[in-house]
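Chemist: Read off the chains here:
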Amino acid sequence: MFQVGDRVRTRLMNPAGHTRLPVYLRGRVGRIEYLLGTLPFSDQRAAGVRSAKEAAYTVRFSTRDVWGADGDAHGSVCADLFESYLEASE
Amino acid sequence: MSRIHDMGGLHGFGPLEIESDEPAFHHEWEARVFAINRFLLRAGWYTLDEFRDALEQMPPAEYLEASYYERWLFALESLIRRKGVLDVPGR
Amino acid sequence: MSHVHEASGSAANRVKTLVGALEDAHVLTERELDASIEAFLSRAQPANGGRIVARAWVDPEFRRRLLADGNAAVAELGIDLAHWAPVKLRVVANEPGRHNLIVCTLCSCYPLALLGPSPAWYKSNAYRSRAVRDPRGVLAEFGTQLGDDVEITVWDSTAEVRYLVLPQRPAGTKRATEDALAALVTRNGLIGTALV
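Chains as they are written, first to last, in the working numbering: chain A, 39 to 128; chain B, 61 to 151; chain C, 1317 to 1512.
Next up, chain A with everything else stripped away, as it sits in the complex (with noise of 0.2 Å):
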């Protein structure tokens, strides 16, 4: 479990099949920014499996460091992603 305010990592994933974790925000450092409880597990829902539920954190990621140089200077970019997208980072 993170709390709000916890520094954490995006995976570095490349499944076949359906994911909420988009391309532009894998391997990304961001902050918890909110709790969302947790939700049916989406990447397994969508293969028609019955799945778990799985705690679920909106994200906050700096422009910058999404888009490096060619990102807007203070802007950031939230996203609701699954703990196991997720790892701890310093």
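Bear in mind the hints are in silico, worked out from the structure with no lab data behind them. A portion of the hints provided could be inaccurate.
List of simulated lysine to aspartate or glutamate pairs, EDC-like, C-alpha gap at most 20 Å [stated by the list, open to error]:
(1) 1490(C) with 1339(C)
(2) 143(B) with 1450(C)
(3) 1439(C) with 1450(C)
(4) 1404(C) with 71(A)
(5) 1439(C) with 81(B)
(6) 1404(C) with 81(B)
Keeping the supplied structure of chain A fixed, place chains B and C upon it in accordance with the hints.
Modeler: Relative to the frame of chain A, chains B and C by itself:
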């Protein structure tokens, strides 16, 4: 890297086409597609995740060409085939 | 344009076939479909967003509840969010120096049950690809210019959360009634491509 639907950050799609006084649907068939999907989702024939998975399996070149509700129609047809909705006995 | 018409012509036929097959299988009837869409469209309208925003502008306590728990606050106004699956409504507030913009890069997630179908541009490849990398450019195409010092947060609705922007109350509306305030709110304002 992913399926074609995952387009956040891509370049090259040009400016937005913004309609003023846009109707909820542009064709009657679009409203029907919307309604069929709503009905089948609510009746539990499939989940929204399965519907999205079906959308994402549209061949990439077709996906990019298709209008929004053409994509939905593709997904509906493929789910209905796969789920055997049409083989079921009456309610 | 001609290929668009051809494409929608054949789509119309495919839908006709599909409805016929569903009727034959006694899954649903065309009449039920039309009734359900009519009922849905009469309930789910951008005006719902206007009501919510106007209440939040005149009632700071409601605003606090709305930002804390969108579903519960909207239920107070008698607005039903049930659509095809339970979704969480999260309302994000614009403030001086802070602007919010909603997108769904993977699909087209949108508070449908509240506002009705989203505009075509919201579902377009152009919006879905650009909103997260160039929000200022996107806003400029709507004629919405923000100062360089305004911090923009783009909310990519990647899970079962539906976002709604709470715009800032326009200046000079101190005496406006709640109904008049509600009428100022546009669908684009609720997505964040317009200021109100």
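Chemist: Next, verify each hint and record whether it holds.
Modeler: Outcome of the hint check:
| no. | hint | verdict |
| --- | --- | --- |
| 1 | 1490(C) with 1339(C) | violated, 55 Å |
| 2 | 143(B) with 1450(C) | violated, 40 Å |
| 3 | 1439(C) with 1450(C) | holds, 16 Å |
| 4 | 1404(C) with 71(A) | holds, 16 Å |
| 5 | 1439(C) with 81(B) | holds, 16 Å |
| 6 | 1404(C) with 81(B) | violated, 28 Å |
Hints 1, 2, 6 from the earlier list are contradicted by this structure; the remaining hints agree with it.
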